[in-house]
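Q: For this one, chain U is given, so just place chain V on it according to the hints.
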Amino acid sequence: MKNINIYGKLGALLLLIGLLNSCTDVIDVKVPNGGARLVVDASIKWQKGTTGKTQTINLRKSTAYFDKNPDVPVTGASATVTKENDGSIFVFADQNNGSYTATDFVPELNASYTLKIFYKGNSYTATETLIAAPVINRVEQTIEGSDGDIEIVLQVFFDDPGAVKNYYFGEFTPSNLPLPSLAVISDKFSDGNENYIESDNENYVAGVTVGINVYGISQRYYDYLNILIQQSGSEEGGPFPTLPVPLKGNCTNVNDPSEEVLGYFRLGEFDATSYAIK
Amino acid sequence: MKKTSQLKPLRLRKWQALVAVLMLCPVFLFAQTKYTISGVVKDVGNGETLLGATVILKGTSVGSVTNEYGFYSITAPEGNYTLAISYLGFTTFERAIDLKSNQKLNIELKGDNAQLDEVVITAEEAKQIDIATPQMSVTRLSSKDIKQIPVVLGEVDLIKSIQLLPGVTNAGEGASGFNVRGGAEDQNLILLDEAIIYNASHLFGFFSVFNADAIKDVKLYKGGIPARFGGRASSVLDIRQKDGNSKEFELTGGIGAFSSRLAAEGPMFKDKGSFLIAGRASYVNIFLALAKESSRAGFYDLNLKTNYEINEKNKLYLSGYLGNDDFNLAGIFTNSYGNLSGNLRWNHIFNNKLFSNASLIYSRYNYNLEIPIEGIDWTSDISNYNMRYDFGYYASDKLKFDFGVSSIYYNFNPGRLNPLNAESGVNSEKLDDKFAFEAGVYASLEHKISGKFTAEYGLRLSYFNRLGKQTLNNYENNLPVNYNEELGIYERAEPISTTNYDKGKSMATFNNLEPRFALSYQLNEKSSFKASYNRVAQYLHLISNTSSATPLDVWAPSGKFIKPQIADQYALGYFKNLKENMFSIETEAYYKTIDNRIDYINGAELIAQNTIETEILTGEARAYGLEFLLRKNQGNFTGWVAYTLSKSQQRTPGGAAGGAGINNGKWYNSNWDRTHDFEFTGSYKLNEKWRFGANMVFQTGRPVTYPNGQFIYNGLSVATYSERNADRLPAYHRLDLSATLTPRKNKDRKWQGEWVFGIYNAYNRSNAASIYFGQNHQTGVSEATRTSIFGIVPSVTYNFNF
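Just so you know, the protein sequences line up as chains U and V, in that order. So for the first sequence, this note's numbering puts the first residue at 1; every next one is plus one. So for the second sequence, this note's numbering puts the first residue at 1; every next one is plus one.
So that you can see chain U by itself, here it is in the shape it has in the complex:
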């Protein structure tokens, strides 16, 4: 099913019933601080038709929730990725700004890769598979809602292979916003059909160009992103929130498995396009 936030829609209904005097406002809240944790923002992205030789991953520290400077780079770590089927090792060189870059990476569909990070005497590891992406057929622009209450929706169409479970991740980057908009879908209710992944946004207005990437992803990463999208700014809140849960990624400290490591190591092929909103 398309990743519909039914509870969000129910919530919108309820707010409506609040006889139009319901409200949302930004407030000050005292929140707990779980301390700085290692964040592995490691996405190997291989655009169709490219070599995919240059890849960058990012290591950071988490901050208190309302910290105004959330970007705390981790330097001095060493990072490698091993391609399991032939044992080749790609070294990601420390750029001293939290990013680590390799220029000799070899992407291979359905191959398994292992990320290894050494940092302050601890060894961290994560394993994932590089998943194939579909070919984008076209992008359609439609509207959701009626009268004064409408939003522009972009639908990105592609063919889903039948008789196999597929998971997709769409990254929408509008030219007028600082943040990308993320969406995931599975083919659970549309297996073998032409599927689409969609994004609606109040900031999609005529003249805005939206960069679109569509990735194939693993089921486990789909589950991770699904929670992340629900719990990040991509969806509205509302009165029927699902209970927030810890976001557990796939990176673990080999020396101390109880250490909470944030982020995810994943690999995905992607097809890209861009769309100018009319």
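Simulated from the structure, these hints should not be mistaken for laboratory data. Please read these numbers as outputs of a predicted model, since none were measured by experiment. Treat the hints loosely; a few may be bogus.
Using 25 Å as the maximum straight-line C-alpha spacing, the simulated DMTMM-like pairs for lysine to aspartate or glutamate come out as follows [as the list claims (entries may be wrong)]:
#, chain 1, residue 1, chain 2, residue 2
1, U, 61, V, 723
2, U, 30, V, 723
3, V, 144, V, 723
4, U, 83, V, 485
5, U, 48, U, 108
6, U, 278, U, 260
7, U, 188, V, 271
8, U, 45, U, 71
9, V, 247, V, 271
10, U, 83, V, 486
11, U, 165, V, 476
12, U, 165, V, 605
13, U, 68, V, 723
14, V, 247, V, 748
15, V, 147, V, 723
16, U, 83, U, 104
17, V, 292, U, 144
18, V, 666, U, 260
Which bits of chain U does chain V cover? Going by a derived footprint, with three or more residues having C-beta under 8 Å, they are [stated by the list, open to error]:
#, segment
19, 203 to 210
20, 223 to 232
Just so you know, even glycine gets a beta-carbon here, dropped at the ideal spot from N, CA and C.
A: What follows is chain V alone, placed relative to chain U:
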């Protein structure tokens, strides 16, 4: 025709005699010359049977209360007595009785505003706590009580009213249900004329589905649940509809700001019966249209009841309910849901000591949603057929037996997905239908042990059989959920094979013995201690992992992967009537445990989920608390103050799936845990013209999980959360006011009208329904956004009756 109608009771009588002999052996030990008075108590004004009226022989300990059908039976040694029958809001009936034979006495009580008559009049009977019976943890509201509750949002609302009682809360505004003594929303057995109601809310809790004009009596059991009830772990809300005025035709109605209602009732079948038909409809839509909103929201409901007295010993009742909600969110999303129920009942009085009722009941809850842009059309429903036969045997002045049988056949349709149009990219999909059969046999004995002690011993044997046709997945080691040691998360297992169960084939069965026990110790005429224990098995589970249940949640039966919830509750209480029953005090302490409470793995997908077992882990729940209720029952000012101090928690260890469990296997607060819960409700009659009412609520905010950090990932700043429900929303508080104007010209005329002015949330408190943490789309800064649903809501209603 006549022959067959007589044959059946005759055959049952023999069968009954056998049961009675087997069960009532101890009765014969008391054999001496005793006689019985029995009959039915009614309201002289409209012929409605009065349930819960007190019937006593003055100066003795012999007494009883009328049952759900107004029937009473008392037995005493030969002699001269004064029989007194009293009921709140009615003048007490008294009559000298020379008891030297069995007697039948049907009584009609007069309302306290009726004229004096030949009957001896005492002061108006005040509401008082029944300190003698062992039944505790119960609150009863008659239609008269309900009418006195301050109006919120233009109407008297039953569910909102019971939330003003100690031990009853909800998970916030917009929650469809309520929570009793730390129990979950799905643990309340809501019965409307015995039919199970699966969702008691209209417009997401804005109104309840119960039309106050159609309701005669409400009982909420928070504990000490009698043996005749089963199937829900935490409470029973037993609602009885009016039978309809059997004396004259009557119209009642109200025109309100958000909805209007009309009820008609009157005699039928040549005064052998009566009918009631009551309807309500909302017009929130007009407001939406005026506000230039393209969305729509509305509801309607209809209550029906009729009865026919075949003869003195046999009476038939037919009742029904139909209600529906419809929503349209700007064409993006449409949703409708509703309940339907019907009940055919047959009261049969075997003799002056044995009363029986047989019921055939059907009820259904269904919902539909359509999402045009996705091309999705989704429907789901749950329905059940229920047959029950209940007996009351008034054996002696010391013993009263209740016993009976019940059976329910359930049909669950968790969902059917259809493409809404030709362009839709979805495939048709049907989640597996589920079937189950539930049965119960019970017996309960109320025993006056001495002048001070009264006990109630009850036992219920329940049986649940999950039936085919269905295909179940099999999993390795029988584990649908596995713990991934490396990542520290719970994951769905892949099925290794499937098992087919044919239609009607048993897939899993459960039996439970459910003891119920209650004891009262009367300190004196005014006060008593009570203690109770009950065990209740619940075979149905509401699958929901939002902060409060939504109308779209699906019920799932117990089976191979989900075990029945078993609740054990212990309660102790002290009860006292003060100052000639002007005041009453009720204090209770309770401790409750629930086994096999399910919870959901992180990232569980419950919508359109055919294999719920891969999304859940089984745990336990516990709740304990202290309740205090002070009521003022008489005078121009009536009302109560309620305070509850409580805790409600849940724990879900990994169990066979491995790992520590949800929240690392530690206890966490349930979504509806409220440490402090204070309520005040009052009604003040200034004069014949004006009456004022107020509700005040103060509650600890509901538990929530706040983020304990943020991190940048894939260009976004993402919140990360730690322990479940360790934080709380700000405290919830609210004041509602109402004023009722009864015009003076009402006097001596048939048409009675009144104006009700109300203000909900009078000081416009922005109570947080939820707080959402996310990144501002424009600035990228992390912020907390509060959603509050109801600000100040004024209302005006005109009520009439003629």
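Q: If a hint holds in the structure, say so; if it doesn't, say that too.
A: Status of each hint after checking the structure:
1. 61(U) with 723(V): holds, 20 Å
2. 30(U) with 723(V): With Cα atoms ~16 Å apart, residue 30(U) and residue 723(V) stay inside 25 Å; holds.
3. 144(V) with 723(V): Given that 25 Å is the threshold and the Cα spacing comes to 47 Å, the pair is violated.
4. 83(U) with 485(V): Given pair residue 83(U), residue 485(V) holds - Cα atoms ~23 Å apart, limit 25 Å.
5. 48(U) with 108(U): holds, 12 Å
6. 278(U) with 260(U): violated, 45 Å
7. 188(U) with 271(V): With Cα atoms ~61 Å apart, residue 188(U) and residue 271(V) exceed 25 Å; violated.
8. 45(U) with 71(U): Holds, at roughly 21 Å.
9. 247(V) with 271(V): holds, 8 Å
10. 83(U) with 486(V): OK: residue 83(U) and residue 486(V) at ~20 Å, within 25 Å.
11. 165(U) with 476(V): holds, 20 Å
12. 165(U) with 605(V): The hint holds at about 16 Å.
13. 68(U) with 723(V): holds, 24 Å
14. 247(V) with 748(V): Within the cut-off at roughly 19 Å; holds.
15. 147(V) with 723(V): violated, 45 Å
16. 83(U) with 104(U): With a Cα-Cα distance of about 12 Å, the restraint between residue 83(U) and residue 104(U) holds, given a limit of 25 Å.
17. 292(V) with 144(U): holds, 17 Å
18. 666(V) with 260(U): holds, 18 Å
19. 203 to 210: violated (count 1)
20. 223 to 232: holds (count 7)
Violated hints for the displayed structure, listed by number in ascending order: 3, 6, 7, 15, 19.
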